[in-house]
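Let's have the full structure, built from the sequences with the hints guiding it.
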Amino acid sequence: MQDGLESRLLESVEQILTKYRLCNSCLGRQFALLGRDLSNYKRGEALKIYSTLIASELHELKHEERAVQLLKLIAIQGLFQPARETLHKWGIPIETSGFCYICEGFMDKLEYFRDLILQQVQDWEFSTFLMGSQIPENIIDREDTLRAELNLKYGESIKGDINREIGKLLQTEELQVDFDAPDIVIILNPVTQTVDVQVNPLLILGRYRKLERGISQTRWICWKCEGKGCDECKGKGLRFEYSVEGFIADPILKAAAGTGYKFHGAGREDIDARMLGTGRPFIVEIKEPRKRKLDLNALETEINTLATEKVEVSDLSWSNRGTVRNIKAFSQINEKTYRLLVEPQTPVDNEKLKEADEVLSGATIQQRTPRRVMHRRADKLRIKTVYDFTSIPKEDNKLEIIVRCQGGCYVKELVTGDEGRTRPSLSELINTEITVIELDVLNVQS
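Per my numbering, the sequence shown runs over residues 17 to 462.
Think of the hints as simulated: they come from the structure by calculation, not from any bench.
Pairs of lysine-lysine, DSS-like flavour, derived with a Cα cap of 30 angstroms:
no., residue 1, residue 2
1, Lys-278, Lys-303
2, Lys-396, Lys-344
3, Lys-125, Lys-35
4, Lys-428, Lys-326
5, Lys-105, Lys-88
6, Lys-184, Lys-309
7, Lys-368, Lys-400
8, Lys-240, Lys-278
9, Lys-125, Lys-88
10, Lys-414, Lys-400
11, Lys-88, Lys-78
12, Lys-368, Lys-428
13, Lys-270, Lys-303
14, Lys-244, Lys-270
15, Lys-169, Lys-125
16, Lys-414, Lys-428
17, Lys-428, Lys-370
So this is what it looks like as structure tokens:
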């Protein structure tokens, strides 16, 4: 090293800039793993300042040829204004032109990109974001080639660099980066100077009670007109006028100004069944919401007013994608309690009924897909557990049955047997056909 002044770091900088013209950020990024709490722009600037100071000291020590050589390198290949001004002071004016070899200048436009992004997202209400970028392959290849050629091992990707630095410019007390579940994902292409905004869904958890029979959980499109409206559906495009999801999701969709929704229930009850007790857990997923700061208490009141004596919601709260997965997964496992009013075809001896209850309480049953849903469900065998089965004789040869069982159990068929497709069943054990008059869901385990 000449006069002991040129360190390995300076040699690396010279080696890089001799072959490639680099801006502060792209030079600093080659040393990203060295030092903490520094931007790559600051690293690159510091390396160029250090090189300029070394050149100035060499000049003072009369190593003028070496000083001018180094300073020209920093001024021209490093695009560094202080080096140009120092040369001018020495009576060596130079003209520089061109752009950074790697980024072609876009790493010097970060504040412009921030303003461009803020303009693009101004119509969306959000408090968390994740910054992303779309960098053309030729730019990534240039940097990879440079590092391989010069054996540089302390660098990071240009993508990570620009994402982090623009993210820092966007971040405020009210607007925070979220790597796991951001409200929006911002994708910048710095070459085309375009911004793509991916708006993540708004997820609201709650419980619903269905107080009236004849209401489907989800909207059923009319099979005849496929939702267009016909005489069969009285122009509504629906098989049933009311649905739980319609009562609940429509007001939320309107409040959030979204483009659509999905309704996720923890299982579903039949159309002719009521959902009582504390209700069934559900999540409404609003797609591309423009508004997120919703008053959930006010929404709860609005829904219950619109759906008076039909559907009732409670416990609205914010949710996440993990809870959606759990609701779907555990709905087939979690315990549920039902009440059925049924009528055996022939009178049943109470002792025989008691024996049947004892067999079914704690039983493992085998159920093939019921005939009534085979048009929309695959025909397969399900193994379910009945925890408790109690039959209570009523007037006019009717029975009230309370069943506590595993989720996913078809309780009507547990009673009727479905022509042998569910075994054992109450019908099989008491040796008579049974008609289900009504069904209520009393409890759905969270």
